[in-house]
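Protein chains in written order, with the UniProt record's numbering: chain A, 1 to 226; chain B, 1 to 313.
Worth flagging that the hints you see were computed from the coordinates, not collected in a lab.
Glycine residues also receive a C-beta, built at the ideal position from the N, C-alpha and C atoms.
One or more of the hints may lead you astray.
Stated by the list, open to error - For each label pair, taking beta carbons as the anchor points, the in silico distance ranges come out as:
{"hint": "1", "chain 1": "A", "residue 1": "I162", "chain 2": "B", "residue 2": "E119", "range": "30 to 40 Å"}
{"hint": "2", "chain 1": "A", "residue 1": "K15", "chain 2": "B", "residue 2": "E268", "range": "45 to 55 Å"}
{"hint": "3", "chain 1": "A", "residue 1": "T71", "chain 2": "B", "residue 2": "E268", "range": "54 to 64 Å"}
{"hint": "4", "chain 1": "B", "residue 1": "T103", "chain 2": "A", "residue 2": "A174", "range": "22 to 32 Å"}
{"hint": "5", "chain 1": "A", "residue 1": "A174", "chain 2": "B", "residue 2": "A301", "range": "28 to 38 Å"}
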Amino acid sequence: MNPPTPSPVQLAAIKTAVFLLCLLPAVLLARGWFANALGANPVEAVQHATGSWALNMLLISLAVTPLRRLTGLHWLIRLRRMLGLFAFAWACAHLLNWIWLDLWFDWRAIGADILDRPYVSVGFAAFVLMLPLAATSTQSAMRRLGGRRWQALHRSAYVVAILGVAHFWWLVKADVLEPLLYALALAALLGARMWQRELERRRQLAAPPPLPGTPPKGRVIRIVPK
Amino acid sequence: MLIRRPADIAPSEITARELFEGRREFIRRAGLGLAAGAALWHGLPAPARAADALPRTVPGPFSIGEPLTKLESAISYNNFYEFGVTKSGPERNAHRMQVRPWTLRVEGLVCKPREFGIEELLKLAPMEERIYRLRCVEAWSMVIPWAGYPLAALLKAVEPLGSAKYVEFVTHYDPAIMNTRQVIEWPYHEGLRLDEALHPLTLLTFGMYGELLPNQNGAPVRIVVPWKYGFKSAKSIVTLRLLEEQPATAWIKQAPQEYGFYANVNPEVSHPRWNQATERRIGEQRRRPTLMFNGYAEQVAQLYQGMDLHKHY
Numbered sequence: 001m002n003p004p005t006p007s008p009v010q011l012a013a014i015k016t017a018v019f020l021l022c023l024l025p026a027v028l029l030a031r032g033w034f035a036n037a038l039g040a041n042p043v044e045a046v047q048h049a050t051g052s053w054a055l056n057m058l059l060i061s062l063a064v065t066p067l068r069r070l071t072g073l074h075w076l077i078r079l080r081r082m083l084g085l086f087a088f089a090w091a092c093a094h095l096l097n098w099i100w101l102d103l104w105f106d107w108r109a110i111g112a113d114i115l116d117r118p119y120v121s122v123g124f125a126a127f128v129l130m131l132p133l134a135a136t137s138t139q140s141a142m143r144r145l146g147g148r149r150w151q152a153l154h155r156s157a158y159v160v161a162i163l164g165v166a167h168f169w170w171l172v173k174a175d176v177l178e179p180l181l182y183a184l185a186l187a188a189l190l191g192a193r194m195w196q197r198e199l200e201r202r203r204q205l206a207a208p209p210p211l212p213g214t215p216p217k218g219r220v221i222r223i224v225p226k
Numbered sequence: 001m002l003i004r005r006p007a008d009i010a011p012s013e014i015t016a017r018e019l020f021e022g023r024r025e026f027i028r029r030a031g032l033g034l035a036a037g038a039a040l041w042h043g044l045p046a047p048a049r050a051a052d053a054l055p056r057t058v059p060g061p062f063s064i065g066e067p068l069t070k071l072e073s074a075i076s077y078n079n080f081y082e083f084g085v086t087k088s089g090p091e092r093n094a095h096r097m098q099v100r101p102w103t104l105r106v107e108g109l110v111c112k113p114r115e116f117g118i119e120e121l122l123k124l125a126p127m128e129e130r131i132y133r134l135r136c137v138e139a140w141s142m143v144i145p146w147a148g149y150p151l152a153a154l155l156k157a158v159e160p161l162g163s164a165k166y167v168e169f170v171t172h173y174d175p176a177i178m179n180t181r182q183v184i185e186w187p188y189h190e191g192l193r194l195d196e197a198l199h200p201l202t203l204l205t206f207g208m209y210g211e212l213l214p215n216q217n218g219a220p221v222r223i224v225v226p227w228k229y230g231f232k233s234a235k236s237i238v239t240l241r242l243l244e245e246q247p248a249t250a251w252i253k254q255a256p257q258e259y260g261f262y263a264n265v266n267p268e269v270s271h272p273r274w275n276q277a278t279e280r281r282i283g284e285q286r287r288r289p290t291l292m293f294n295g296y297a298e299q300v301a302q303l304y305q306g307m308d309l310h311k312h313y
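Assemble the whole structure, with the sequences as input and the hints as a guide.
Given below as structure tokens:
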């Protein structure tokens, strides 16, 4: 039995709700900023919050596919673009806060940080890799690129996530507990994909060869080389 | 015309902070006293904290004229990893630490090794107020009015031997009330060269903002070395040891490629994590340039004559 799929109206409602939910931490952060409630070093508080949320949203967007496979709720894919774009928006805020409120456009210091400090280098690389993903997030870009190429490009989200977690890990002075939790979550998400791929490989190996002359049903993505 | 109106509440009407904070203890003792009856009456200790205030301070030398960091910031934004690795953790958790009774043991290469009770320490030398810059290695800074006296006064009392070259500080560590995860090696160890420890800027510190130190700021006794990054200024000290060899410090053990023994504030030597050329003064909008030796070059630069400060960072 297939789990129910929401109607277009229901899906629109779900999307709106998820959008508002994703917006909530930003609203709370902005309120904290204007109410002067972010502690003694508000710029640092914003830096940490925006970075954490960029990572959170990145991992949540990477959770969509494994969750779909696990639950059969295939319509979840319809939320993924929004989740990914939220990750991108948080990363933009993270970068902007650093360039603007922290370093006040001191380009020399900014450049030196990117070049000299490995944790800044990888963080910046993660941001740069997000740019083409955000730019090709529209339906029309997807059509222009074609599904396969689009998918290949968007696999770099895995690299972005790995760089993002490395960025966090490297910047921590002593206690790596929190970045370790992120690393474990990411490993689980990427591991789930590898496991799915392995299952698919076994299925294809076990499947009887198609009768000559019969076109395959649906689209078969071959993992096992011919 | 300026009309000066009296405050709504006269100072005499305000309950002293020590009494207020001791209210539960007072009630508890009152209850105990009633239950135990008159026989116990003479055995009741006097309210511990009321009598236990910061001695009157006199203005000390080396104070700077820069605006003070807000007290609220100085007591809520702390690095004291034993009470949590976030900035807000120490304020939440440090109250668990009992700072009375407290003894500071001075040992190692001294003529007169001994223990000092905190009450004795508070009276060992005239208490001075000194307004110092505090620069953290994480590139933020504060301006804090400390209360204390030169560490040299304590060292003189124990008479260091000629062979003593370094002073090691050991911080209180109690796993029952502190972080048990070995984030860095505990108890926390720091150290100074003996001439640095004897420098008149180096302050054995008991108070700030005119009161005894809050626990998260290193109560009841800490060291303040204003020309070095903050982690050199060990908090809640229980042991002071004079040594011939340079002691191993907690941060050097944690990451030797990042932290040096000297850790002098130096805008020209950048840290792998933080550009040290500028700093954020807590409460200010924009970064400001970091000063050589945190602005105390005139007093301390001669301690490092002939040393390569890029090598001895």
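Query - List of violated hint numbers, smallest to largest - result: 1
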